[in-house]
Amino acid sequence: MSQSTSSPAAKGDRSRLVAGILIALSLVLLSIGSYIGLFVAPPEFYMGDVQRIMYIHVPTAWNGMLALTFAMVMAVAFLVTRNWKYDTLLEAGIEVGVVFSFLLCVQGSLWAKPTWGVWWDWDPRLTTVAVMLFAFLGVLALRHFVEDPVRRAAWSAVATIVSFADVPIVYFSVRWWNSLHQLQTSPKMMDKAMARPLHINALAVMALAAAFIILRAKLAETRLRDQLAPPLPEANPSPIALAGAPEPATGGKA
Amino acid sequence: MQLFAALHKDLLLSWRTRAQASAVFAFGAAALLLLSFAAGPDAEALRHNAGGFLWVALLFASVLSLSASFQVEYEQRAMEGLLLLPASPRALYYGKAIANWLQLTVLGAMLVPVMVVLFDAGTWRVFPLLGVIALGAAGISAPGTLYAAMAAQLRAQQVLLPLLLLPLLVPVLLACVKATSLLVMGDPMNQLGSWMLLLVAFNAIFWPLGGLLFGVVAEE
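Here the protein sequences line up with chains B and G, keeping their order.
Numbered continuously in the working numbering, the first sequence closes out at residue 255.
Numbered continuously in the working numbering, the second sequence closes out at residue 296.
Read the hints as simulated data drawn from the structure, not as lab findings.
Among the hints, a few may not be true.
To be verified - Derived contacts from chain B toward chain G, CB cut-off under 7 Å, selection only: (1) Trp112; (2) Gly139; (3) Ser174.
Claimed, not checked - Residues of chain B placed beyond 10 Å of chain G at every Cβ, according to the derived structure: (4) Gln52; (5) Lys86; (6) Lys114; (7) Val119; (8) Arg152; (9) Ser164; (10) Ala166; (11) Trp178; (12) Ala230.
Claimed, not checked - Derived list of chain B stretches under chain G, where covered just means 3 residues or more per stretch with a C-beta under 8 Å from a C-beta of chain G: (13) 140-148; (14) 156-163.
Here a beta-carbon is modelled for each residue, glycine too, at the ideal position from N, C-alpha and C.
Okay, chain B solo, but in the shape it has when bound (with noise of 0.2 Å):
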């Protein structure tokens, strides 16, 4: 929906393609990295084989608050700019941050149980993951019960930067509030044989991220325009017809 007023579906199928060869990549990708993570890497000397499952959460982790800042990037960017592209990648970056965080939860959850024997710990990091779920489905919901185009990308921008605002606080809140978590693991502090299958799944996600934020940005757009500018018997919409859209479908920058 931006610059050129080229046919939408040549766009379409041109992202689709990028798309479609993102998550091949992804596929291949990811593979490889659980296939060293899974059999070639060296068992962890405390956890054992449970560890194992670090190859896939760090890299929705990372993947995940990749996918929110980039939500937060693209509000502020709607806001100055006002065009609607921002909008629809806002929509398809929350959606995808909600569900990584919503599986990190779960993948934690997992690791948890056989390792502090408990399903939930009130560590700050995944108390803050499961604060920033909800505050963040609440943006969806937002999303959903706004029915003016206009008004639902600026509102949940507004929401989406308020939310994101919040997340440093309550993870140092939290931390204050109570602590065991183990120490924060970065690639650094890991055996080489432990860090390649690390970094290759987290490439192999964040293609998959990638894909699913163009495949979803462009479904946003398809209902967007279809929103803005409802079909009609002319081809020329009457003046009426687009009341609440500050610009034309096909238009660019505000």
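Once you've looked at the hints, dock chain G against the given chain B.
Showing chain G alone in chain B's frame:
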């Protein structure tokens, strides 16, 4: 000047709808009573959790109070008139947010005697306690006013406002519960200051952010 005019309008509005405020207080007190059933009749446990009960009750009551504060503006389309005035939306926001802050502070202060009676959780450190309530109420009011302005214009406001607001207020809740408990149960490690600091930091982020973003919410 615009700010004072807006604040005057909002305080007058709160005063004239004071029946509503007392209903919210009654709800808060009822919530305190109900929350004590969740912990059982063990007096020591009740006293231990009194701070948590107070803040959960205040948080739920504040959702009612915040959503009412914007509902009146949209009922007779008064908000449209306000936005047509040559006044900045920022002044409207801060007027509303300060009025909400004062109202929530009074509400919190009124719930304290209920807490003292129900849970035997008294303290003579009245001014630090009032400080915690004032800072906590400010933390609720800044993002709460922003989100209430959105929610008041939607059909699903009853569920949307708490869904958006409550996860956001986790740091405020944590800090206020800890600080109140420290005041009630004693503070041997002298930790009260760091929780107050967290509240100050939360307010320092969300008061400017609210003013910055309110224009987008009000004008769309």
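Each hint, compared with the structure:
{"no.": "1", "hint": "Trp112", "in the structure": "violated (23 Å)"}
{"no.": "2", "hint": "Gly139", "in the structure": "holds (4 Å)"}
{"no.": "3", "hint": "Ser174", "in the structure": "holds (4 Å)"}
{"no.": "4", "hint": "Gln52", "in the structure": "holds (30 Å)"}
{"no.": "5", "hint": "Lys86", "in the structure": "holds (18 Å)"}
{"no.": "6", "hint": "Lys114", "in the structure": "holds (24 Å)"}
{"no.": "7", "hint": "Val119", "in the structure": "holds (20 Å)"}
{"no.": "8", "hint": "Arg152", "in the structure": "violated (5 Å)"}
{"no.": "9", "hint": "Ser164", "in the structure": "violated (6 Å)"}
{"no.": "10", "hint": "Ala166", "in the structure": "violated (6 Å)"}
{"no.": "11", "hint": "Trp178", "in the structure": "violated (5 Å)"}
{"no.": "12", "hint": "Ala230", "in the structure": "holds (19 Å)"}
{"no.": "13", "hint": "140-148", "in the structure": "holds (count 5)"}
{"no.": "14", "hint": "156-163", "in the structure": "holds (count 6)"}
Hint check: violations occur at hints 1, 8, 9, 10, 11; the rest are consistent with the structure.
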